[in-house]
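Given the coordinates of chain P, work out where chains R, E and U should sit on it, guided by the hints.
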Amino acid sequence: MSHGFFLWPVQASHHAKEVDLLIGGFGVMVWLLTLPVFILIAVFVFRYRTGRDANRDHASGSNVWLEVSWSIIPFLLTLGFFVWATALYFDLRRPPAGAMTINLVARQWMWKYQHGEGAREINDLHVPVNRPVKLVMISQDVIHSVFVPALRIKQDVLPGRYTTMWFTADRLGIYPLRCAEFCGTDHSVMGGRLIVMAPQDYAGWLARNRDGGESETLAAAGARLFRSVGCSGCHGAASTVHAPPLDGLYGGPVGLSDGRALIADDQYLHDSIMLPNKDVAAGYRPIMPTYANVLASEQVNALVAYLKDIGAGKPGTRQEDGNE
Amino acid sequence: MSDAALDMGKPAEEVEDISYLRAGHSLRSWFLTTDHKRIAILYLVSIVFFFLIGGAAAAMIRLDLLTPAGDLMTNEGYNRAFSLHGIIMVWFFLIPSIPNTIGNFIIPLMIGARDLAFPRLNLLSWYIYIVAGFIALAVVLGGGVDTGWTFYTPLSTMYANGMVAATVIAVFISGFSTILTGINFIVTIHKLRAPGMTWSRLPLFIWSHYAVSIIFVLATPVLAITLLLVAAERLFGIGVFDPALGGDPLLFQHLFWFYSHPAVYIMVLPAMGVISELITSAAHKRIFGYWFVAIASIAIAVIGFLVWGHHMFVSGQSLYASAVFSFLSVAVAVPSAIKVYNWTATLYKGDIMIDAPLLFALGFIGLFVAGGLTGLMLAMLAIDVHVHDTYFVVAHFHYIMVGGTVTAFFGALHYWWPKITGRLYNETLARIAAIVILVGFNVTFFPQFMLGYEGMPRRYHVYPPEFQLLQVISSAGAALLAVGYAMPAFYLLWSLKKGPRAPANPWGATGLEWTTSSPPPKHNFTQQPVVVRGPYDYPLEHPASRANA
Amino acid sequence: MKGLLIQLGLVWVALLILLAATVIAAHLPLGAAKPWISYAIAFAKAALILWVFMEMRKEGAIARLAMMAAMVWLIMMMTLSASDYLTRGWLSG
Amino acid sequence: MPEQRALHEPFHHPARQRQADRLGMILFLASEAMLFGGLFAAAMALRLLYPADYVAASGHLKLWLGTANTAILLTSSLMAAVAVETARGGRPRLSGYALVAAILLGLLFLGIKGYEYGSEYREGLIPGLHGAHFEGRVQHLFMNFYFVSTGLHALHVIGGIALLTIAAFSRAARQDRTVLLIGNAALYWHLVDIIWVFLYPTLYLPDVS
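Going line by line, the protein sequences match chains P, R, E and U. 293 is the number of the first residue of the first sequence in the working numbering; add one for each residue after it. 24 is the number of the first residue of the second sequence in the working numbering; add one for each residue after it. 738 is the number of the first residue of the third sequence in the working numbering; add one for each residue after it. 324 is the number of the first residue of the fourth sequence in the working numbering; add one for each residue after it.
Since the hints were derived computationally from the structure, they do not count as laboratory data. For every residue, glycine included, the Cβ atom is placed at its ideal position computed from N, Cα and C. Among the clues, some could well be false.
[Claimed, not checked] Just so you have them, the derived chain P footprint on chain R, three or more residues with Cβ under 8 Å: (1) 346–353; (2) 483–494.
[Stated by the list, open to error] Partial pick of chain U residues on the chain R-facing surface, computed with a CB cut under 10 Å: (3) 332; (4) 340; (5) 342; (6) 355; (7) 365; (8) 374; (9) 435; (10) 438; (11) 458; (12) 459; (13) 464; (14) 467; (15) 470; (16) 475; (17) 481.
Okay, chain P solo, but in the shape it has when bound (with noise of 0.2 Å):
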């Protein structure tokens, strides 16, 4: 056994740290509450054995407030840990504004990562430290989980829906990355690395992989497949079919046919690219095909990656809402 025996895993976030101490405040109150009994167990047993001479004398049946006081303040104490526990899963639901992006798409059994400069890697993922970074993911087929133990974190990466999950690595390093959700045959060595690294390393990193062919970011590639598949024969400028434009749609409200509205999210940008039926935008009619069969997940990342583009920063600029 090389590689020996560790008692408690690396923390290479602050998030770890917390989770931690968390864990660690709980330990302590579940060994207040739980020695004294096991304690009283091992006592009651020895002195009231069988035989051995004690005092017996009115042994009570019942005690109302015995009852409601062992009742009442483990579950008090445990509600603190609760709030506790719910406040840092909150936040670990909501990404930071300035998070980098980076696609994830799981089959079986890898993991395939698209970063918003352009570089794509399979299985390892490269990082920047001390920086925000927000996976975006969804499955090519069944449930798997994203699960880094150095960082505390996990999320199940569902087919068919993004799911989100972030971090911020503080500690430089090449941490393992498994897969939780039981995912089929191999799904115990659908693995890889999690490697953080400088910010000049990763820059660099990025630089190297750009250049070996990958010389667009993925909002270019995403405009490239904007034009290659059709979108812009009716999404463009300068078409004759009445489809709502989608300069500055990303991250706005939207008002549906069925008189709903949203908020124009990665979710709704992949639905309506793959299920376009779902949710239509008031005032047009439901004619776009689907490209459920025509697009991989990665293409539909790139598309939505270039929509945020053209998107981004430009609220107001839709014009939808007043168009009919």
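Below, chains R, E and U without anything else, positioned relative to chain P:
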């Protein structure tokens, strides 16, 4: 025949003393019996058989995990082994274990009835269970299934290679056995209590079986329809759970856990009932806080239905729903804690007989507390995100299901063995077995808590080499545990032939089941018992009286 | 017996009136209230059937409790599942 | 004295045995309700996921056939209740007529359901069969769900008709003034009715264009 005569108890000519074991020796008298005691024996033999199969799969898993590369099996083979282990252990051993063996045998005796309310239905439910079991065995022989016992979609419906449809049909069929048992228990407890057996005089074993029957009746059908949809999806592409067709895999998880979380309480509630009996009998003392323990059983059964979403904290479930489920999961711990505190208080000023049943009961309490509190950790959102789907979870639910339920099952088997068979077993060997099981269990599963926190996901065939030491310790513990489980098989079977004959009440316990002979006559009681006292009516102030008895 | 039969007949008439009401309501432009109304009417029909046809009014507490339990358990299942589906989009990120 | 059902083993008193049988039946019905509850939860999930498409898909069902079937089942339920009441009142012959009426209405329900399936086949709305075509995935999904839920319900209707038939042909059952068999068969039949009462707004009513 006038109703009045029937009401007053049995006419004198019906009095009979032949034990149920001697009332007929033909195969027919066993396989077509409607005697709840014989059906309990049929169940006992069948669940032990399935325990062996599930245990064999566990042994293969632990053997395979001795090396990080998993040299014994292929990835596919390993997946099939743990799926088999889970499916057999959950549906064919743990769920029927205590209710259908001990419960079937003891419930009518405890409440002073001659049988369960629907004796033929009881036999039918055993046959349904056996049919389901045979289908499950056919699946095993036919190559198995590689979905895990949870059948998560779309893996199970679209991608798995094994015999998924046949497996879910087997589980579906076994569900009907469960539902019929639940109906039978509830009706029996309502309508067949002996005169004077009021609700406040019911033994706690009955209360916990009443609670578990509620879950049987209300949760199992949801599993049935869910599995039916999985089978239909697998065979015809219904698509309700398949994202490729617009369905939602999380819907499967909601429906599955709506059953399967309460199913955990199906496994542990009867065990809690057993422990209440074992503790009071060993301590020769009334249970502390009878009503709190009784109501806690019902509360667990009800609140247990409201917490299923804690299996889905990282699944993509809405985080607001997660927060609600997390809170409710904290709440469900309260009634469990009440029970543990009350058992402890029961020991205070008792007259404690340190025999094997007590050792099993104390083992249960320790392991259940460890399992329950790690469950509380898993209910904490931020902690769960890290340890979800790791060995931490595996260790947690084995502490509850194996450390809790199986330990209680062994305790119950020892405690009621003289009643069931009319023979006494070797007490020394039984105490040794109880200790071996306790030690073996902890050596097996405690390292898995550490493995989980360090980041070892569950259902991994090939694992990182740094986890090998803990895995080897765990496998060594499993070998010890296997020895512990094998020991009772020898001395209990030995007692059937050579054990001394048991008196009617070898423990000096209260309870109607101890007032009839060991083994009981075919119709349980030679005279209709009339209850005039509460349960656990031990002479509190005069513990010495037992010595004279 | 005659009185009881008349009572059954009246309940049947009430059920058919409720059926007509639900069809009419389905044709009205009620927007988001529509499913609520049609399920409320379904509950009313089920309650009539349970109470009169299934004679729950004559049953003991335990039988009523059993039927109520199924209803309550279903409502728990629906409510908590819906709590996921309805709030999934609240926090995108 | 009308034939009493034999007292079976654990019971000492016929009244108690009757209560037990009825309670057992009611518990069984509670579990049946939960079985369909899973389907209703699935319908709710689909509707919450795809509000517009779900409503649109329901518009392809034949509202009037569904409504007629609801009325038929409600009437059949009435007949079952009448059968119970008349048997209890010592009118076995009348009770027999009511049971036959309930059975015939049940068969009519199945007939209409079959006709409905037939017309859905002609319109290409049956997934997997020749000529099936849908406007989108959700309609496909909805129709799958429709066939699973109505199919499972139809199986229960067949089971209920079988129970009612046994009751109708048993002279002893009709003469039993404690209505054990007829009462339990009717209970089952009412539950089948209640399930349809909820399937109807789930499947037919969302869109009535």
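Find the hints from earlier in the document that the structure breaks and name them by number, from lowest to highest. Going through the list in order, the structure violates hints 8, 9, 10, 11, 17 and respects the others.
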